[in-house]
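Enquirer: Given the structure of chain V, go ahead and fit chain Y onto it with the hints provided.
Residue numbers (the numbering used here), protein chains in the order written: chain V, 1 to 659; chain Y, 1 to 178.
Which chain V residues stay away from chain Y? Per the calculated CB distances, all over 12 Å, these:
#1 Gln50
#2 Pro92
#3 Asp160
#4 Asn223
#5 Thr229
#6 Pro282
#7 Ala328
#8 Asn345
#9 Tyr379
#10 Asn393
#11 Asn509
#12 Asn545
#13 Gln550
#14 Asn595
#15 Val631
#16 Ser634
Which residues of chain V face chain Y? A few of them, derived with a C-beta cut under 7 Å, are:
#17 Thr449
#18 Asn455
#19 Leu457
If you're looking for bench data, these hints aren't it; they were derived computationally from the structure. Just so it is clear, CB atoms sit at the ideal spot from N, CA and C, and this is done for glycine as well.
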Amino acid sequence: MSSPSFLRMSLHSAQRAYLPIGKSVLGTLLALAVIAALSTIVLAQNTPIQHVIVVFGENRSFDHVFGTYVPPAGQTVHNLLSEGIVNPDGTPGKNYKKAHQYEALDTITYEISPTGKSLFAYLPPPLAGGDEYCSDTTGEPFCTESVAVAAEPNLSPAWDQYLITGATGIPKKNFDTRITNDQNLPPGPFQLTNGTTLTYDDYAASPIHRFYQMWQQTDCSANAKGVQTCKSDLFPWVEVSAGDSNGAAPPAGFTWFGEGSTTTGEGATSMGFYNVAQGDAPYLTSLAKQYTLLDNMHQSVMGGTGANHIALGYADAMAYTNGNGSIATPPSNQVENPNPQPGTNNYYTQDGYGGALGGGSYTSCAQESQPGVKPIVTYLGKLGLNPNCDDGNYYLLNNYDPGYNGDGTLETFTPYTIPPTTQRHIGDVLGDAGLTYTFFGEQWNLYLTDLALQNPLDDYCNICNVFQYATDIMTNPAQISAHIQDLTDNPNTGALGFFSQVANGTLPNVSIIQPSGFADGHPATSKLDLWEGEVNNIITAVQANPTLWQSTAIILIFDEGGGYYDSGYIQPIDYFGDGTRMPSLIISPYTTGGNVYHGYADHVSIDKFIEANWNLPAISFRSRDNLPNPVYGSDPYVPINGPALDDLMGAFNFSLAKK
Amino acid sequence: MNRRGWMKPILFLSSLLAFAALFAGSTQASANDLPSTSNVAKLKPAKVDGKWRIAWDVRAGTVKAILDLKQHADQVTGTFQEYGKTYPLTGSLQGQNITFDVPFGGPRPYTIEFKGTVDRKKKMTGTSALKGGGHVFLGHANEIQEPERPWTATKGLKNRGPITGTGLPGKPPKDDDD
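In isolation and in its complexed conformation, chain V is listed as follows (with noise of 0.2 Å):
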């Protein structure tokens, strides 16, 4: 190991040597005087990361998952188990109440801490999703194995049998009755298996993953003292009240507690959590005990998939242009607008979903008249944040594809797009240093040929593709041949595609991969097995080369909690977020041991981890990687110099020997 990885285990080692002290002032006063002669002699250092991985699932929140993990002991999390949330068997806990959901009334403009509330007498019975019987012809589940691994060749091949199993057996929308007690359901978390009716490797509904949705499930408020609290205990009522219909009203006989089209789909869904304690995700339990486990990582902007995408990317939010850098409106119709429709309980008018058919999905949050903001921007205003929102721009808030095409030409299949951007990214930053980087999305080479995704067959996320938006990568052949390829290698060019990269030992500095619809562990549409079996041929592929083992951390995260209840502490950092917590662990020769790593962070501590492993400068100005490393007092979940994102370098050991 080289010195300069010791001065950065200097640097850690004196943010966690300061812990106990965090109640004294001058002990934090002290502790920062620290930190800051240290990173100047830091960042002029390298660590034996010579190669970051960064691999994308979907839609889990850290409870959802972990949520009756026990840690290897001397560590500890924080849990729904640890909480006295839960039990060990999934049952009420003692400390159950801390996770109550009720209902609340907001019916003339919206709010992100409504009042009304009320205690739920039970949960809306959760609904079924996912597909009810299996298809050679569609997959998801697949009838036939061989057919199924013809169609998803990349999980390892023990995971292969779970491509043709979990079929839901139930309509969507009609009461999951696979749930023990589906319908009699206690106000709070609920164990989503139970080793029968409904197993782990079951398909399962999908909430509501959207950004005023999910504001207002975690129902965060501040005092006049400037204390804030996330109450996270709205999260079923948003789940069955908000619709979805983009200014349509809701459907006649419109309800939160029934089935059918008469409901959104899906009761209470939200409070479903996986018990590993029983056996659930085996495999990223394992991986939890013997590598690091985080659990206050977040998703960095409240809602869904895109936005949190470009959070990694840009360490940004994403606005609105002329598609030439040039700051401009969007048309009327594709402005958010969550404020309730008259006569209603919070039905919003234009509710974020619709994507590349429509819906509204921008919003000026410099502008306290636009739907929606001023309610956000009033709860930073009393933290003394500010919502890091430019005058006239209308940032990107959930959904909307890139500007391009894969083949560089301008997406125009849709006007939901947001237009090419010439905004910084992470990737100009390792450019500009002579680092490589490349997004390796699944099903690239199909989608090549597919550009239109109008093959039902094609699960490429081209939303998930953080330089498919730029203009500085797609109007330049090479550079997307050099920063975007699939899994695989592509049989019409010869380029080559991660596994081959990782054998051949040409793996760029940085990798972000992006498995495809089938194996994203997104619920309803992909299960977690699947996900897990993913990431364990990719682990296994790296491990296979030791040179490049020695040298790389993969990091597990997912983009967002995907609507899931999740009991953490949440950071206000701007009008975008954080959000809930993600699962996420960190893969490397130098985070073994089964530690519990604890320090805030969210998609853009990754970036804050590659700059400061490479010596890098922040992405831009305003970019969320100009914020410190946290400080903590006697909480060591809560920055108490928020706000603040860790950087990551604190989860590893470099003194750690090859083994």
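Expert: Below, chain Y alone, put in the same frame as chain V:
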């Protein structure tokens, strides 16, 4: 003529009328079983022969393509042309209703079944779905939409104005959550 004497012609006439009524009823019943003049017109295949501009909603938005239809009574063959590629199609007509399948090639071949109706204004509208049904990946942007995707076609190629699918501004589609 006694009473019995004039009764016979009346009975004969009644029988004749009854038979006539029965015949008439029988004729009407047959008319219900067989197409009337107007019903025959409804089942007569609509004329679709020729070229059409089609706008088809897919995951990324709206695809614009050209249909070149060859009609043989109630059977349809032809091509579906998009992005410089041409795919064969086969289908049928039943009155104003049209159904045709387009087998798209490529690394993962698939067949889309288009169903729709032909109206008198040289326009067709309908929905499309993956042949075989079942799950269709809708993408994170459209994950709440059902897999049936709308399409619209207008006859002829002279009008080069925009052919709008439901995805264009001002016409946001109605979403169905899952």
